[in-house]
Each structure stands twice: as structure tokens, then as C-alpha cells.
Amino acid sequence: MHGTFEIGVPVWRRLWLHAVGIGVILFLIVPVFIIIPMSFSSSQYFEFPPKDFSLRWYESYFHSVEWMEATWVSLRVAFFTMLLATPLGIAAAYGLTFTRHRAVPMLRATVVAPMIIPVIIVAIGVFYLYARIGLVNTIFGLVLAHTVLAIPFVVIIVTAGLRRFDTALENAAMSLGANRFLAFVTVTLPSIRRSVFAAALIALITSLDEVVVALFISLGEKATLTRRMFASLRDQVDPTIAAISTLLICVSLVVVVFYSVQASRPKK
Amino acid sequence: MAAGTNIALLEASERAERRRFLALPMPALLLTAVICIVPVGILFWVSFVGPEGFTLENYTRILENPGYLKILRTTFSISITITILAILLGFPLAYYISTLPDRAAAICLGLVLVPFWTSLLVRTYAWLVLLQRQGLINDFFLWLGVIDEPMRLAYNRFGTTIGMLHIVLPFFVLPMFAAIKSLDRDWLRAAANLGASPVRAFWTVLVPLTIPGLVAGALLVFVYSLGFYVTPEILGGGRVTMVAMKVQQNATIYADWGAASSLALILLIITLAIFFGIERVLRRQRGGGN
Amino acid sequence: MSDARGQTIAIRGLGKRYGTVEALAGVDLDIHRGEFVTLLGPSGSGKTTLLMALAGFIRPTEGSIAFGGQEVVTLPPHKRNVGMVFQSYALFPHMTVGGNVAYPLRVRRMPRAEIGRRVADALALVRLSEFAERNIDQLSGGQRQRVALARAVVFHPQILLMDEPLSALDKHLREEMQIEIRHLQRSLGITTVSVTHDQREALTMADRVAVLNKGRLVQIDAPERLYGAPATSFVAGFLGETTLLDVRVENGVALLAGQALRSEQRIAGGDRPLHLVLRAEKLEIVERHDQPGYNVIPAQVRELVFQGDSLLLYVEIADGRRIALRRPTAGHRSQAALQPGASIHVALPVQETLIVPCDRDA
Chain A
1 MHGTFEIGVP
11 VWRRLWLHAV
21 GIGVILFLIV
31 PVFIIIPMSF
41 SSSQYFEFPP
51 KDFSLRWYES
61 YFHSVEWMEA
71 TWVSLRVAFF
81 TMLLATPLGI
91 AAAYGLTFTR
101 HRAVPMLRAT
111 VVAPMIIPVI
121 IVAIGVFYLY
131 ARIGLVNTIF
141 GLVLAHTVLA
151 IPFVVIIVTA
161 GLRRFDTALE
171 NAAMSLGANR
181 FLAFVTVTLP
191 SIRRSVFAAA
201 LIALITSLDE
211 VVVALFISLG
221 EKATLTRRMF
231 ASLRDQVDPT
241 IAAISTLLIC
251 VSLVVVVFYS
261 VQASRPKK
Chain B
1 MAAGTNIALL
11 EASERAERRR
21 FLALPMPALL
31 LTAVICIVPV
41 GILFWVSFVG
51 PEGFTLENYT
61 RILENPGYLK
71 ILRTTFSISI
81 TITILAILLG
91 FPLAYYISTL
101 PDRAAAICLG
111 LVLVPFWTSL
121 LVRTYAWLVL
131 LQRQGLINDF
141 FLWLGVIDEP
151 MRLAYNRFGT
161 TIGMLHIVLP
171 FFVLPMFAAI
181 KSLDRDWLRA
191 AANLGASPVR
201 AFWTVLVPLT
211 IPGLVAGALL
221 VFVYSLGFYV
231 TPEILGGGRV
241 TMVAMKVQQN
251 ATIYADWGAA
261 SSLALILLII
271 TLAIFFGIER
281 VLRRQRGGGN
Chain C
1 MSDARGQTIA
11 IRGLGKRYGT
21 VEALAGVDLD
31 IHRGEFVTLL
41 GPSGSGKTTL
51 LMALAGFIRP
61 TEGSIAFGGQ
71 EVVTLPPHKR
81 NVGMVFQSYA
91 LFPHMTVGGN
101 VAYPLRVRRM
111 PRAEIGRRVA
121 DALALVRLSE
131 FAERNIDQLS
141 GGQRQRVALA
151 RAVVFHPQIL
161 LMDEPLSALD
171 KHLREEMQIE
181 IRHLQRSLGI
191 TTVSVTHDQR
201 EALTMADRVA
211 VLNKGRLVQI
221 DAPERLYGAP
231 ATSFVAGFLG
241 ETTLLDVRVE
251 NGVALLAGQA
261 LRSEQRIAGG
271 DRPLHLVLRA
281 EKLEIVERHD
291 QPGYNVIPAQ
301 VRELVFQGDS
311 LLLYVEIADG
321 RRIALRRPTA
331 GHRSQAALQP
341 GASIHVALPV
351 QETLIVPCDR
361 DA
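Protein chains in written order, with my numbering: chain A, 1 to 268; chain B, 1 to 290; chain C, 1 to 362.
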């Protein structure tokens with residue numbers, strides 16, 4: 001029983017603890033996994049277990065022009081958000097971690113503010129701005145807004161990586177003739193690559209899962225996947241969503257597995 | 001050359017280097033300011049401007065209009081309910097995982113992470129599938145014969161609360177687990193050694209030591225619940241209106257920016273006040289930890 | 001590779017302040033071509049700050065640093081062309097041994113063939129030719145230290161800096177590496193500055209040792225002179241096993257507990273407090289109180305410690321102060337005469353009688 005609390009609780013109490021613990025875990029995961037068999041049902045209505053296996057809802061998803069359009073919008077926005085938020089966040093994290101200046105705490109607070117401010121407030125602010133400068137219903141506008149939402153996560157994760165990083169390595173690179181930028185690219189970045197990778201992944205997911213801002217600034221053929229799902233859920237429930245949700249759950253599972261593998265791999 | 005050489009030169013080079021470093025966060029900062037901070041600031045300013053200049057009309061309306069007061073009451077009572085439920089379910093789970101052997105604990109944490117990483121919309125949809133009139137829970141109980149007709153589980157406050165609880169619970173469990181795990185096991189051993197029964201050791205040593213983590217986690221859950229939009233919109237079925245939903249309605253349906261932003265400002269002030277509180281709690285924990 | 005390619009270093013009026021704390025103050029130091037200078041001092045003495053200022057990682061508040069006559073004080077580290085060995089070695093974990101050593105050549109955009117040749121030369125120099133493809137985590141501490149050394153000299157810098165280069169190694173390996181580094185430095189003829197808090201390491205490796213205390217340079221001299229003629233009581237106390245005793249001066253004669261001390265030194269009078277330097281291994285035990293050529297001090301044995309190859313004695317002189325002295329282990333008979341309580345005559349050769357100004361904390 002290495003690394004555990006062992007205070008000799010009697011077996012019957014342990015049993016009670018097991019029951020509560022497993023119960024809460026079931027509460028957390030069953031709703032997520034219940035979607036998967038649902039998506040393979042042929043019925044229009046929810047039935048569990050599904051009467052017969054069918055790929056009907058996947059077909060309806062892949063054959064729907066609207067869903068495909070929305071998926072394509074989401075993927076593009078998420079990809080460009082990752083591409084923009086990751087370098088901006090890394091630069092900000094580096095600058096804020098290695099500068100001694102009284103303005104640093106305030107600057108840091110500003111950069112992470114979009115994570116703390118309720119997203120509805122960010123959304124009406126962005127909508128208010130975009131309506132005036134003509135960025136509503138544009139991929140570019142969505143990417144900028146999602147980048148602002150993703151930057152805080154990138155900054156926090158990369159900052160944690162930089163704090164663990166031995167700065168003597170970067171100094172060594174500079175003493176060997178690399179300027180600071182070259183030293184960063186050839187030595188610091190490879191050393192914090194796990195944090196960078198995690199940050200990029202989170203930027204991607206942040207954009208992919210975002211609903212509220214998209215609700216305000218993306219419509220019609222520029223609607224994101226989640227925005228269209230939201231509209232569909234609010235109006236009348238289309239079982240196609242079960243198929244899309246299953247695909248999104250698979251994306252999350254890949255992320256969790258990747259994360260666990262990263263975490264359990266011994267550090268070199 | 002004596003002492004005092006190159007002072008100005010070195011100062012200038014120090015300043016230049018500091019400028020180079022402070023330039024690095026600027027792109028991120030600028031983007032955040034332009035896209036988020038400034039528009040939100042302008043909106044708040046708008047909330048104080050009426051046809052005849054400065055006005056508090058938007059705020060007096062919130063205080064006087066029973067509709068608004070009801071929305072605020074609903075928002076707070078749902079958030080408080082969720083916070084209490086999160087503590088009641090989350091603390092035992094965090095403690096349970098901390099008692100498991102490493103491998104089992106890693107699996108359980110992974111299971112907590114799956115919903116954490118799953119789209120909020122997907123999880124809301126899942127609860128709709130479970131809770132609605134022809135949903136799985138009703139089907140199951142009808143099949144068992146426990147009930148004769150479907151219960152109303154979704155499209156009301158109950159469904160909203162359950163769905164939101166599911167979404168915020170990992171936010172409580174993960175930091176709580178970290179807080180319990182970071183405790184020195186020797187304290188519990190010491191307590192046992194001094195003659196405390198295991199149950200007594202749990203309540204007198206473990207619980208008090210994890211209270212700062214618990215308070216911080218609970219505040220996080222509370223503040224997150226206050227700003228919820230998607231889940232109550234779908235699972236509430238129009239019968240539950242929370243602050244964020246009213247903000248959205250005012251902005252998009254009525255195009256009343258003053259009304260939308262005044263409500264948003266109240267939400268933001270409460271949010272920031274609670275975050276300030278969380279920071280105080282965590283700082284005290286760090287300061288008094290040893 | 002025996003061409004002397006070192007460069008002179010001239011440090012003038014160098015100071016570094018952090019707020020109100022002076023980490024370095026008024027340091028003047030000249031280091032000659034090809035010379036090996038070690039900066040020695042306790043922690044907080046400013047030795048590391050000085051080294052980091054030479055490397056360009058710390059920007060001084062004032063002063064000048066010139067390499068080969070050229071001012072470098074505002075130059076960033078990568079333009080100084082200085083090789084550096086870090087305390088933790090700072091080997092890049094994501095590169096092989098060969099990759100690490102090739103790094104400074106790659107950033108200088110050298111042709112591939114040239115890089116290959118130079119890396120092979122540098123690894124041969126530190127006897128690690130077979131290790132080019134190894135990962136850093138497959139190396140022992142001593143091997144890592146040699147890779148760090150090869151990496152620091154492969155691009156033919158004119159100056160080599162070393163920050164506590166041996167502190168991570170065990171005692172045996174440390175002594176071996178001291179000699180090895182010394183040979184390497186000589187054969188390359190590279191001007192070298194290292195930092196250490198280990199006096200033995202400083203005395204073994206360096207041509208000259210610079211002793212620092214509280215941000216100031218106290219003395220810089222060859223090891224023998226530093227040991228034989230310390231400038232102040234701080235230097236005397238930092239090197240060797242030393243007891244320092246206050247002495248009074250009357251009419252140009254130093255008095256220890258009322259007893260006049262003969263010395264070959266001219267003793268400066270004045271009000272400055274002075275210390276008599278008593279090196280444990282220079283003290284002898286004699287039969288007569290008037291042994292010629294010695295200052296003889298009567299004392300009583302208080303404690304006797306057997307340390308294998310030597311005996312460590314703590315003796316008490318007339319006014320109650322204690323002195324440490326070390327004798328080679330002799331027969332049981334003479335040891336018996338040194339039991340606690342025994343009265344003896346402690347003798348200090350006149351030519352070893354050093355009286356230095358006091359600069360230590362009260």
C-alpha cells in the first residue's frame with residue numbers, strides 16, 4: 001500500500017467508502033459513455049439497450065451538408081486557434097516568468113483574465129466589438145476570439161513548464177554562442193516540449209468545445225459544430241447528435257490517454 | 001579607470017534588456033485587451049449612459065424589477081445547491097482515491113478526467129438523454145414497475161442542477177485530491193500513534209488540514225456555477241432562467257446593451273470578489289502550511 | 001594544440017548592487033594570457049557573481065571588463081566567445097554527447113566536415129572518443145564533467161570559465177579531475193578562471209588564487225605566497241588549519257599574553273588590531289623554553305584527537321586561549337607525554353611567525 005493513507009479504518013467503514021467512491025465515479029462517467037451505444041441505435045427514440053445495431057446516425061451526419069460545413073468550420077477555427085494561441089502564449093509565459101518588474105503581476109492578470117471572466121461576458125463584449133468592425137460571421141473573428149480564450153491555458157501550462165526548467169541550460173547555450181532566441185529554440189523549447197504539446201492540445205480543445213462565444217458571432221454557413229449542436233438541442237433533439245457526441249468523446253479519450261501516458265512516463 | 005566607470009552604459013543596457021523581455025507578452029496582451037478587456041469595459045460604460053447622459057437606471061431596474069430579482073435568486077440558490085452537493089460527493093471521492101494504491105488511484109483519476117475533458121455540450125446532451133420524459137431513467141423505472149407514468153426530470157430545475165453538478169464536480173475533485181495527497185502521511189500516523197481512533201484522526205487531523213483546499217474548491221465551483229449558460233438553457237427547458245441567460249436575451253433578442261451589460265457587470269464583480277477570496281484562502285494555506 | 005591562445009582579462013572597478021546589498025565592490029583584477037586563476041571565498045563572497053559577470057550572465061552596476069584590451073562589459077554572453085563549465089554541467093538532455101559538443105560549432109554554422117573533425121578532437125582530448133553516440137543520462141558524473149569541458153573548449157574560446165566544476169563529484173574523482181583539468185588547461189594554453197569554495201582545489205589547480213570576502217578582492221597571489229604570506233587574517237584563516245590570536249604591539253614588538261614575539265617581519269604599529277597566525281602543522285613541541293630560532297609558548301594539553309596519520313592537539317596558553325596543533329603520529333611513549341593536563345612547550349619557528357592585520361568580523 002505504498003503512497004496511500006493507511007489509518008487502519010475497519011473493513012465495514014472501508015466498504016462504505018468504496019460504495020460512495022465508486023458511486024460518484026459512476027455518476028461522473030456513465031452519462032458520458034451511455035451516448036456511445038445510443039449512437040449505434042436505429043431508433044428515432046432513446047432506447048437502452050438499443051434494439052438493433054445501425055450506422056444510420058453516422059450516415060446522416062456524414063451525409064449532411066450542414067453538419068459537414070459546421071465540422072469543417074470548427075476544425076479550421078480550432079486549428080488556427082492552436083497555431084496562434086500557442087506561440088503567443090509561450091512568448092507571454094517566457095516574458096512574464098523571466099522578467100523582474102513591478103508590472104508583471106498586473107500583466108499576468110490581464111493575460112489570464114478571459115479564463116476568469118464568465119464566458120457570457122466575454123461573448124457579449126466580443127459581439128459588441130465585432131458588430132461594429134464587421135467581424136461577425138467570419139472565420140478570422142472566431143479564431144481571434146477563441147485565441148483570447150485559449151491563451152490563459154497556454155500561459156499557465158507553459159509557465160509551469162518553465163518553472164521546472166533549469167535555466168542553466170539556456171545560459172549554457174548562450175555561452176556557447178547562441179543568441180537568446182536561438183538558445184530558446186534549440187534548448188529551452190525541446191526541454192519544455194511536453195508542456196508546449198499539452199498547451200497546444202488544450203488550445204485546440206478549448207476552441208473545438210467552445211459554444212457561447214460562437215453562439216453570438218457565428219451563424220449560418222459560418223456556424224461552428226458546437227454552435228449548431230446547441231441550436232439543435234434547444235429546438236428539437238436530433239439523434240445525429242449522439243453520433244457527433246460519440247466522435248467528440250473519442251477525441252477526449254485520446255486526450256486523456258495521451259495525458260496519462262505522458263504523466264506516467266518517467267522523466268529523463 | 002576607477003570605480004564608477006560605465007554606470008550610464010550599463011544602466012541603459014539593463015533597461016534595453018528589460019524592454020526586450022517585456023515586449024514578449026505584448027502580442028498576447030494586446031490581443032486580449034482589444035478583443036476582450038476593452039469591449040467589456042466599453043459595455044460597462046454603456047450601462048451607465050442613458051439618453052440624457054449618466055444614469056443608474058439600468059441598476060435601479062435590476063433592484064426594483066421582481067423579474068430580475070427572481071433571476072438573481074434562482075442563480076444564487078442553484079449555485080449554492082450545486083456547491084453543497086459538490087462538497088458532499090467530491091470530498092469523499094477525493095479521499096477515497098487518495099486511499100487507493102497508486103495504480104488504482106491513477107485509473108480513478110483517469111475516470112474523473114474523462115468527463116473533465118469531454119465537451120460540456122456533449123455532457124449536457126447526455127443528461128438530456130437520461131432525464132427526459134422518454135429518457136433512460138424513466139424507461140428503467142417504468143420497466144421495473146416502480147412508477148406508473150414518467151417522472152418530470154428534465155426541463156426543470158432538478159435536471160439543470162444535476163447536469164451542472166456533473167460538469168463542475170471534476171473542478172472540485174481534482175484540486176481536493178491534490179490537497180489531500182499533499183498532506184504528510186506522518187501527521188495521520190502521529191495522530192494514530194497518539195491514540196486517536198482512525199475515525200477521530202480523520203475528523204480532527206485530515207479534515208481541518210484540508211479545509212483551505214476545500215474552501216478554495218467550493219468557491220471555484222460556486223463562481224463557475226454563477227456564470228453558467230449552456231446547461232440551464234438546454235436542461236432548463238425555458239423554466240429556469242439564470243443570470244447569463246438573461247444577459248444573452250437582453251443582448252441578442254432585445255438588443256438592449258445597457259440592460260445586458262449592467263447585469264453582466266454585477267456578475268463580474270461577484271466573480272472577481274470570489275476569485276480574490278480564493279486567492280486569499282490559498283495564500284493563507286501556503287503561508288501557514290508549514 | 002599547444003599554441004597559447006589565451007587572452008588577457010582586465011577587470012577595473014567592478015561593482016554589483018542588488019538594492020542596497022553590495023554583491024561586488026571595487027574589484028580590480030588582471031589575469032594574464034594562459035593563466036589559471038581561481039576565485040576562492042565563502043558563499044556570499046561575490047566569487048560566483050564575478051564569474052557570472054565575466055560570462056555575461058550578470059550585468060554589473062559599474063566598472064569595466066576587457067578581454068584582450070577590448071571592453072566587453074555590455075556584450076551579451078553569446079558574443080563574448082568564452083567557454084563555460086557550469087556547476088551542474090548544464091548538458092543538453094535532448095542531445096547525445098556528440099550533439100552537445102557539436103552545439104557551439106553548429107550555432108557558428110561551421111561546415112559539417114569541420115564540425116566532425118573538431119568534435120572528434122575535443123572528445124579525444126577528454127578521452128571520451130567512444131562515447132559520441134551516448135545519451136547524457138548514460139554517463140557517470142566524471143564523464144559528464146569531461147563532456148562539459150570538451151563542449152566548453154571545442155570552439156577554441158580564448159577564455160575558459162568554470163563554476164564549481166568539481167563540486168558534484170566524490171572526493172576521489174575530484175582529486176583526479178583536478179590534475180586532469182590542470183593538464184588540459186596547460187596544453188591548451190587557455191586563460192582560465194574558476195570558482196570554488198574548496199581551498200585545496202584552489203591551491204592544487206591555480207597559478208594564482210584570488211580570495212574574495214564580502215564582495216571585495218582581499219588578496220591575489222600564487223598558492224605558496226597566499227599560504228606563506230597571507231595579506232590579512234581572513235586569508236590566513238581561510239587557508240589551512242589556523243588559529244588566529246590577537247596580539248598587541250609595543251615599540252615595534254608584538255606581544256602575546258605579555259610575551260615578546262620575534263619575527264622577521266617588520267611590524268607596522270598603529271591602532272589596527274593584529275593577529276598572530278598559528279598554522280597547526282607548523283607548530284612544534286620542544287623540551288626547552290629557550291629553543292634557538294623559535295618563539296616558545298608554554299601551554300597545557302586540553303584535548304588529544306587521534307586521526308590516523310596525525311594527532312590533533314588542543315592546547316591552552318597562559319591567558320586561557322586555545323591553539324590547535326597537529327603532529328605526525330609517533331610512538332606510544334611520546335603520545336603518553338601528551339595526555340590532557342600535561343605541560344608542554346609549543347614552538348613556532350621565527351621565520352614562520354606571521355603577524356597580519358585583522359579584517360574578520362569581531
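Each hint should be verified, as a subset may be incorrect.
What the hints assert, rightly or not - In silico contact screen, one side only, chain A against chain C (beta carbon under 8 Å); selected entries:
(1) Gly21
(2) Gly23
(3) Ser42
(4) Asp166
(5) Ala172
(6) Asn179
(7) Val187
(8) Ser191
Unchecked claim - Partial selection, computed: residues in chain C whose CB lies under 7 Å from chain B:
(9) Glu62
(10) Ser64
(11) Gly69
(12) Val73
(13) Thr204
As the list claims (entries may be wrong) - Distance windows between CB atoms, simulated:
(14) C:Glu114 with B:Glu11: 19 to 29 Å
(15) C:Arg108 with B:Arg15: 26 to 36 Å
(16) A:Asp166 with C:Arg322: 37 to 47 Å
None of these hints come from the bench; they were simulated from the model.
We put the CB at the ideal spot given by N, CA and C, even for glycine.
Hint-by-hint comparison with the structure:
| no. | hint | in the structure |
| --- | --- | --- |
| 1 | Gly21 | violated, 39 Å |
| 2 | Gly23 | violated, 44 Å |
| 3 | Ser42 | violated, 52 Å |
| 4 | Asp166 | holds, 7 Å |
| 5 | Ala172 | holds, 4 Å |
| 6 | Asn179 | holds, 5 Å |
| 7 | Val187 | holds, 6 Å |
| 8 | Ser191 | holds, 7 Å |
| 9 | Glu62 | holds, 5 Å |
| 10 | Ser64 | holds, 5 Å |
| 11 | Gly69 | violated, 13 Å |
| 12 | Val73 | holds, 6 Å |
| 13 | Thr204 | violated, 33 Å |
| 14 | C:Glu114 with B:Glu11: 19 to 29 Å | violated, 41 Å |
| 15 | C:Arg108 with B:Arg15: 26 to 36 Å | holds, 30 Å |
| 16 | A:Asp166 with C:Arg322: 37 to 47 Å | holds, 45 Å |
Comparing the model with each earlier hint shows violations of hints 1, 2, 3, 11, 13, 14; every other hint is respected.
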